[in-house]
Each structure stands twice: as structure tokens, then as C-alpha cells.
Amino acid sequence: MTLGPWSILSLTDREAVDVEDPGQHFRAVVARGAARPEALAALGGYWADRAAHAFVCGYGAALQRLHATEPVVLTALAATEAKGVHPRAMETKLRRQGAELRLSGCKSFVSLAGHAEWLWVLADEAPATAERKQLRLVRVSPRASGVALARLPDLPFVPEVAHYQVTLDDVPVASGDVLPGDGWSDYVRPFRTLEDTFVMLAVLGYLVRVTEGHGPETSQRAQLLTNMAALLHVASLSPADAATHLLLAEVLQAAGEAVRAVVGVWPESAERQRFLRDLPLLQVAERAREARLARAREALYVARPAQGD
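Each residue of the sequence shown is one higher than the one before, counting from 46 in the numbering used here.
Hints are computed from structural coordinates only; laboratory data are not their basis. Please read all numbers here as calculations on a predicted model, not as lab measurements. Don't be surprised by glycine CBs; every beta carbon is placed ideally from N, CA and C. A portion of the hints provided could be inaccurate.
Claimed, not checked - Result set (DSS-like, lysine-lysine): computed pairs, CA atoms no more than 30 angstroms apart in a straight line:
| id | residue 1 | residue 2 |
| --- | --- | --- |
| 1 | Lys128 | Lys178 |
| 2 | Lys138 | Lys128 |
| 3 | Lys138 | Lys178 |
Unchecked claim - Between beta-carbon pairs, the in silico distance windows are:
| id | residue 1 | residue 2 | range |
| --- | --- | --- | --- |
| 4 | Glu145 | Glu302 | 50 to 56 angstroms |
| 5 | Arg141 | Ser190 | 14 to 20 angstroms |
| 6 | Glu145 | Arg322 | 42 to 48 angstroms |
| 7 | Thr271 | Gly143 | 56 to 62 angstroms |
| 8 | Glu302 | Arg332 | 28 to 34 angstroms |
| 9 | Arg322 | Ala175 | 42 to 48 angstroms |
| 10 | Ala219 | Glu295 | 38 to 44 angstroms |
| 11 | Leu224 | Arg305 | 20 to 26 angstroms |
| 12 | Arg317 | Pro116 | 32 to 38 angstroms |
| 13 | Pro217 | His278 | 28 to 34 angstroms |
| 14 | Thr271 | Ala189 | 40 to 46 angstroms |
| 15 | Glu302 | Val329 | 17 to 23 angstroms |
| 16 | Pro201 | Gln298 | 23 to 29 angstroms |
| 17 | Glu343 | Ser281 | 43 to 49 angstroms |
Go ahead and model the full structure; you've got the sequences and the hints to work with.
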């Protein structure tokens with residue numbers, strides 16, 4: 046059965062989850078039965094009492110959609126390194142020592158690593174003599190021997206979401222914890238699309254709860270629900286297709302307008318001020334989204350030669 050945003054309105058349990066820790070919020074949402082990625086984002090946002098908790102559910106849902114874990118637990122993607130987050134920047138190495146695999150390197154910015162049950166680490170397994178990197182995604186426990194977490198300074202927005210530097214020193218890896226396929230093209234690149242989709246879905250879910258006090262027929266609430274329906278459709282599409290990227294860009298623009306409409310009628314309160322503080326969250330990676338949209342347009346709208354008379 047496909048989840049629709051209007052199902053939020055008929056929930057038995059409509060109270061927000063009352064916790065301070067984002068990891069606890071994620072676990073409470075799963076315990077309430079919202080384990081599928083779409084439900085985890087939409088209902089995790091609806092049950093949130095702040096944007097940070099909605100973000101955690103959207104982020105976790107994107108990773109669950111990328112590679113499902115059973116049971117559903119909070120995981121974190123460890124890709125960014127000192128030189129950036131693109132294949133050429135990857136210096137973390139996965140190497141074989143006899144019959145064992147070992148992982149070494151440093152990830153400079155990993156959101157929620159201290160709250161996660163597992164880290165998904167992007168690493169290069171190519172031999173030193175290879176001309177090209179061979180990237181793999183590797184599952185590692187943040188509590189494994191050789192893994193060290195150092196919390197980074199809080200960002201000025203969503204400070205409840207902690208970020209970490211993760212150092213990997215000769216960490217043993219089981220062969221079953223190396224995911225099949227290319228770590229970049231099959232996982233990290235599509236994650237960017239999934240994260241944009243599910244995080245916005247969660248934020249809109251949160252704002253649906255905020256607007257309930259204004260009555261069920263307000264235009265602002267209708268906008269939120271309509272954009273949630275559109276994002277749920279986008280979530281069902283391939284995150285690798287150019288058409289998905291084009292549609293997502295349009296929906297994100299409309300969703301942003303819906304968010305601004307809610308802010309415009311939201312009565313002054315501490316919760317509204319906290320949301321305004323956290324609004325820059327929705328502008329993170331804006332340049333990457335613009336580049337993705339440009340590539341999608343180029344792929345879909347190939348110039349045709351002019352027709353002669």
C-alpha cells in the first residue's frame with residue numbers, strides 16, 4: 046500500500062515525540078511503526094517538535110532507501126574528506142592483508158556518526174599502482190576497534206545534529222560488509238538526490254503538525270500536503286535518472302514556497318524562532334543541486350539541428 050500524506054491526518058497517535066536527543070527521536074519513530082523510508086521521513090517529521098529531529102528522520106530514511114538494514118537503525122554516510130567529497134578526493138583505503146580486509150583513513154565531516162549504529166564508509170580498494178580509484182562502500186561500526194570519533198563545533202543551524210571527524214586506523218572489515226557495486230555511482234551520488242527528497246519530505250511533515258492549529262483547510266496546509274504527495278512520487282523514482290532530477294528541482298522549488306508561506310502566518314513563538322534559525326538547512330548543497338539540474342537539462346533537452354525549408 047502506497048503511503049499518502051493525507052494518512053497523517055488519521056493517525057491514532059498524533060502527539061509529537063518528546064525527546065531531546067535526535068537518535069532517540071529516530072528510534073521512537075521506528076518503534077511507532079514508521080519503518081519504511083517514506084513513512085520514516087513523513088511521519089518522523091510529523092512527530093518531530095523541531096526541524097533537527099525531522100532532518101534526522103529524512104536523512105536516515107534516505108540511507109534506508111539507498112540500502113535497507115534489518116532491523117531499521119540510524120546509519121551515517123562517511124564520504125567527505127579533507128579535499129572534498131568527490132572520487133578524486135578519496136584517500137581512505139580498503140586493503141587486503143592476507144585473508145583479512147583493513148580500512149584506514151580519515152573522514153572530515155560525518156553527520157550523526159555519534160548517534161549511528163553503522164557508518165557507511167566510502168573507500169578506495171585499488172592497488173597503489175592502479176591508474177583509477179576503485180571505490181567501495183563499507184559498513185563499519187562506530188564502536189569498532191580502530192575507529193575514533195571527534196565531535197566538530199556545532200553549526201549555527203540545527204545544532205542538535207552533531208557532526209564528527211572519523212579516523213579509521215587499520216579497522217578490520219568482514220567481506221560481507223563491503224557492498225556490491227561502485228561505491229560512488231551506485232551509492233554516494235544517488236544518496237544526494239535521496240537526501241534532498243526525504244529531508245524536504247520530513248520538514249514538510251513537521252510543518253503539517255505546526256499548521257494543525259490553524260484548521261485543516263488552510264491554504265498553507267494544503268500546499269504542504271500537495272508537495273508531500275509530489276515528493277512521495279519522486280521518492281519512488283530512480284535517483285539516477287535525469288528526469289527524476291528535473292522533477293525534483295521543480296518540487297523542491299514549490300516546497301520552498303510552501304515553507305515560506307507557513308512562516309508568514311506562523312504566530313510568534315519560541316518554536317517559530319527556532320525554525321527560522323534552522324532554515325539555512327534547506328540551502329545546504331544548493332550549488333550541487335544547481336549543477337545536478339544543469340546536467341539533467343543537458344541530458345534531456347539535447348539541441349536539435351534547425352529544420353531546412
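* Asked: Hint by hint, which ones does the structure fall short of?
  -> 8, 11, 13, 17
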